[in-house]
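Student: Chain by chain, the residues run as shown.
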Amino acid sequence: MAKTYDYLFKLLLIGDSGVGKTCVLFRFSDDSFNNSFISTIGIDFKIRTIELDGKKIKLQIWDTAGQERFRTITTAYYRGAMGIILVYDITNERSFENIKNWIRNIEEHAASDVERMIIGNKCDIEERREVSRERGEQLAIEYGTKFLETSAKANLNIDEAFFTLARDIKSKMEQNEMRAGGSVSNTGRVNVGGSGTQKKSFFSNWSCTLL
Amino acid sequence: MEEKLPEYADVVVLGTGLPEALLAAACGRAGLSVLHLDRNQYYGGDWSSFTMTMIHEAAENKDCKLSSEEVSKISSTFLKNNEKLIELGDRKVVDDMDIKWIPREMDEVPMQEKLKALGQMRKFSIDLLPKMLLSKGDMVRTLCDSQVSMYAEFKLVDRQLCPSECEKTKKILLNPVPVSKGEIFQSEALTMLEKRNLMKFITFCTLWNGKTKSEQFIVMDGTGDRPFAEFLEMMGVSKKLQEFIIHTIGILDSQPTTASGMKACCEFMNSVGCYGPSPFLFPIYGCGELSQCFCRLAAVFGSIYCLGRPIQALVEEDGKIVAVIADNQRINCRHVIMSSRYVPEDIPLQSSQKFDRIVYATDKPLKKDEKEAMTLVNLAAFRPDSEVSRVVEAGGYMSTAPNGHFLVHATGTQEGSSNVESLVERLFEENEISPYWKMSFTMNSLKFDSSQMGGVSNIVVAPPVDPSIHYANVIDEVLLHFSFSFIFDIF
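For the protein sequence lines, the chains are A and B, in the order given. Take the first sequence: its letter number 153 is residue 153 in the working numbering, and every next letter is one higher. Take the second sequence: its letter number 375 is residue 1375 in the working numbering, and every next letter is one higher.
Misleading hints may appear alongside valid ones.
Said to hold, decoys possible - With a Cα cut of at most 30 Å, we get these calculated DSS-like pairs of lysine-lysine:
#1 B:K1367 to A:K172
#2 B:K1116 to B:K1367
#3 B:K1100 to B:K1367
#4 B:K1320 to B:K1123
#5 B:K1116 to A:K172
#6 B:K1123 to B:K1062
#7 A:K10 to A:K46
#8 B:K1100 to B:K1123
#9 A:K46 to A:K100
#10 A:K10 to B:K1371
#11 B:K1136 to A:K3
#12 A:K46 to A:K170
#13 B:K1213 to B:K1171
#14 B:K1073 to B:K1100
#15 B:K1123 to A:K58
#16 B:K1092 to B:K1065
#17 B:K1123 to A:K153
#18 B:K1123 to A:K146
#19 B:K1004 to A:K100
#20 A:K172 to A:K10
#21 A:K172 to B:K1114
#22 B:K1320 to B:K1116
#23 B:K1171 to B:K1371
#24 A:K10 to B:K1263
#25 A:K146 to A:K172
#26 A:K3 to A:K100
#27 A:K10 to B:K1171
#28 B:K1136 to B:K1213
#29 B:K1114 to B:K1438
#30 B:K1062 to B:K1116
#31 A:K100 to B:K1114
#32 B:K1123 to A:K172
#33 B:K1447 to B:K1116
#34 B:K1368 to A:K10
#35 A:K100 to B:K1123
#36 A:K100 to B:K1062
#37 B:K1116 to A:K100
#38 B:K1368 to B:K1062
#39 A:K153 to A:K3
#40 B:K1123 to A:K170
Derived from the structure by calculation, the hints contain no laboratory data.
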């Protein structure tokens, strides 16, 4: 099968429960928004292919599957991530303070050269703002990351956030390729279950006997 | 920040080891609400992988037995009439843990300090229980069916070495086992005639694979329980070739009978060529990833995860568990699934088996090759009385150690006089390898009968750790448990 893209980037969303990670994800991937809060169920990742400088870039964006609630995000979640968007809620001081903890988590478990970005979501709800834009910018400077205030609801800066991160990853990647003299390939990795030829026997039988 | 646990879940799962994770994922997928708890801060329990920093912390024992005051306090707070408190156990699955850094003359700066300074302690992923995945085996099938395969990445085990003792030097020689057709024909270990005979035997196995059980039975002619070598002899396979075949498949079954040997041959050959020359796959970053990945699947289907909080007791009423007490909260439930670690102390064991695990960190491979490789060695020939004597070496290539470093995992059951530890250390000595770090412990495979839970009917004990190379037993038992406990409840 021919590849329909030039690059595949694995991105993660991280941040406290209820800051709107899933909404950001849906706004970016499906251009949709749902106002009611349902803790994330059934969402693994979403895909959107974007174009940057004539290159097709497939963004695979992973959601936390609700495992941030009790801070039980698996270390496996961070593997292979090339970019991470840290999300806080501008109407929730706590979620802003916790960004530090999430960054500590990333430093511990993600690749050391992972691209990071901080976004303050829900910036459409100015009347309930608890975290000023300046404090957000200050934090981003402290950690050397880019910063944007966004609103998934009003569709503010969501595309900008993902495009900015993707552009940073792309330029880093191209630099690395130049240094390595050619394309950097992941040797030896085996594609298990990705070919679409899988026979649904085991797990599907489990649910069949039940229903 | 301290969120409360839910007040109700259809299933409460205790322990996040691989079998529990599989069961949680299956329950979540089947539409049951699942609360998944672990006493540890980390995922995986006895199936976990650790960084070099974490393993030293995890090795410290924490006592989680309740005092009598706590028991009476919990009882008076949470129990209703007719309800009984059952204390959970903290059974020793990993025991006699010993970890040490080994000072070496060659190191100007001690390795521990060097790794720390380079920030490489976290580049280790030290498996408590490393296992291989047969390419056509049950685990790979389960990963594909559940689509958990997309959460992890795998690489092929790129060499299998077969040890033999050199007649002159008495050293252990590590001979590469040819697995593909091409490798067999290039092999220097076999003569042309043997190669032809081997290909003949492989054809025989292929035919065998297509036969029915009863047809196979007729071909075995009553030798099913006899040693495999006798059957091979009967088939006209030469002594040397017999050894070769038994060594190769010995990694799956070290003391094969005709029936189990043929099964192992077919499993092995089926898997060869599936993803590449080797029949075995290994998860990048180690086997601890697998339990985490199944937990993620469970979470995607709505299971709630909470780690590192006390799991205190069960509440029983009329022969059923009606609630779990954890983190000083009562969670009502219909089923409890637990790892053997949590089984209450007064429940009798069905069986147990101890096996030795020794892990070394080195900066020189067992056998030099043009590339950094992942190596599998079956040492059964040197410990003929033992069921399992296996060495797995994985390093930078598998992202289980920093580049240029290796983890050498020895696993051995305890029958017979010699132990696997002395054998590996002999290999190190003969190959002038000096490990800078060593961890040794025993693992205890504690088996319980879920139908014998002290008169309680809705507890499922997940299958325990086992010394076999692959996941076939685990998957088998998990499947059995799942269909058994949940069909009966629903219909």
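Student: Now tell me if each hint is right for this structure.
Tutor: Going down the list of hints, with the structure as the test:
Proximity of K1367 of chain B to K172 of chain A is assessed by CA-CA distance (about 36 Å); at most 30 Å being required, the pair is judged violated. Restraint check: the Cα-Cα separation between K1116 of chain B and K1367 of chain B comes to about 27 Å, which is no more than 30 Å; the hinted pair holds. In summary, the hint linking K1100 of chain B to K1367 of chain B is supported, as the alpha carbons are separated by about 24 Å, within the 30 Å threshold. Taking the CA atoms of K1320 of chain B and K1123 of chain B, the gap is near 45 Å; set against the 30 Å cutoff, the hint is violated.
With a CA separation close to 27 Å, the supplied pair K1116 of chain B and K172 of chain A stays within the 30 Å bound. Distance hint between K1123 of chain B and K1062 of chain B is fulfilled; the C-alpha atoms sit about 26 Å from each other, no more than 30 Å. Distance hint between K10 of chain A and K46 of chain A is fulfilled; the C-alpha atoms sit about 10 Å from each other, no more than 30 Å. This hinted pair checks out: K1100 of chain B and K1123 of chain B have alpha carbons roughly 18 Å apart, not beyond 30 Å.
For a cut-off of 30 Å, the pair hint linking K46 of chain A to K100 of chain A stands: about 26 Å separates their Cα positions. The hinted pair formed by K10 of chain A and K1371 of chain B meets the criterion: a straight-line CA distance of about 28 Å does not exceed 30 Å. Simply put, K1136 of chain B and K3 of chain A have alpha-carbon atoms about 27 Å apart, close enough for the 30 Å limit, and the pair holds. For the proposed pair K46 of chain A and K170 of chain A, the alpha carbon gap of about 19 Å is at most 30 Å, so the pair holds.
As the CA atoms of K1213 of chain B and K1171 of chain B are separated by approximately 43 Å, the hinted pair breaks the 30 Å bound. The straight-line distance between the Cα atoms of K1073 of chain B and K1100 of chain B is roughly 41 Å, outside the 30 Å bound, and the hint therefore fails. Of the supplied pair hints, the one linking K1123 of chain B and K58 of chain A holds, its CA atoms being roughly 28 Å apart against a limit of 30 Å. Straight-line distance between C-alpha atoms of K1092 of chain B and K1065 of chain B comes to about 13 Å, which keeps the hinted pair within the 30 Å bound.
The straight-line distance between the Cα atoms of K1123 of chain B and K153 of chain A is roughly 40 Å, outside the 30 Å bound, and the hint therefore fails. A threshold of 30 Å between alpha carbons decides the hint, and for K1123 of chain B with K146 of chain A the separation of about 27 Å falls inside it, so the pair holds. Between K1004 of chain B and K100 of chain A, the direct Cα distance comes to roughly 23 Å. Compliance with the 30 Å bound is thereby established for this hinted pair. With a C-alpha separation of about 14 Å, the suggested pair K172 of chain A and K10 of chain A falls inside the 30 Å cut-off, and the hint holds.
Taking the CA atoms of K172 of chain A and K1114 of chain B, the gap is about 29 Å. The hint holds against a cut of 30 Å. The straight-line distance between the Cα atoms of K1320 of chain B and K1116 of chain B is roughly 51 Å, outside the 30 Å bound, and the hint therefore fails. Distance restraint check for K1171 of chain B and K1371 of chain B: the Cα-Cα separation of roughly 24 Å lies within the 30 Å cut-off, and the hinted pair is therefore satisfied. Between K10 of chain A and K1263 of chain B, the direct Cα distance comes to roughly 41 Å. Violation of the 30 Å bound is thereby established for this hinted pair.
Distance restraint check for K146 of chain A and K172 of chain A: the Cα-Cα separation of roughly 15 Å lies within the 30 Å cut-off, and the hinted pair is therefore satisfied. With a C-alpha separation of about 38 Å, the suggested pair K3 of chain A and K100 of chain A falls outside the 30 Å cut-off, and the hint is violated. Only pairs whose Cα atoms come within 30 Å are accepted, and K10 of chain A paired with K1171 of chain B is rejected, the gap being roughly 48 Å. Distance check on the hinted pair: K1136 of chain B and K1213 of chain B sit about 20 Å apart at the alpha-carbon level, within 30 Å; holds.
Distance restraint check for K1114 of chain B and K1438 of chain B: the Cα-Cα separation of roughly 17 Å lies within the 30 Å cut-off, and the hinted pair is therefore satisfied. Between the alpha carbons of K1062 of chain B and K1116 of chain B the distance comes to roughly 26 Å, so the proposed pair stays at or under 30 Å and holds. Distance restraint check for K100 of chain A and K1114 of chain B: the Cα-Cα separation of roughly 28 Å lies within the 30 Å cut-off, and the hinted pair is therefore satisfied. Distance hint between K1123 of chain B and K172 of chain A is fulfilled; the C-alpha atoms sit about 22 Å from each other, no more than 30 Å.
Restraint check for K1447 of chain B and K1116 of chain B: not satisfied, since their Cα atoms lie roughly 40 Å apart, outside the 30 Å limit. With a C-alpha separation of about 35 Å, the suggested pairing of K1368 of chain B with K10 of chain A is violated against the 30 Å cut-off. The suggested pairing of K100 of chain A with K1123 of chain B holds, with an alpha-carbon distance near 23 Å, which does not exceed 30 Å. Taking the CA atoms of K100 of chain A and K1062 of chain B, the gap is about 29 Å. The hint holds against a cut of 30 Å.
A distance of roughly 23 Å separates the Cα atoms of K1116 of chain B and K100 of chain A; the hinted pair therefore holds under the 30 Å criterion. Note on K1368 of chain B and K1062 of chain B: the hinted pairing is violated, with a Cα-Cα distance of about 41 Å set against a maximum of 30 Å. Of the pairs offered as hints, the one joining K153 of chain A and K3 of chain A is violated, with about 33 Å between alpha carbons and a cut-off of 30 Å exceeded. Note on K1123 of chain B and K170 of chain A: the hinted pairing holds, with a Cα-Cα distance of about 25 Å set against a maximum of 30 Å.
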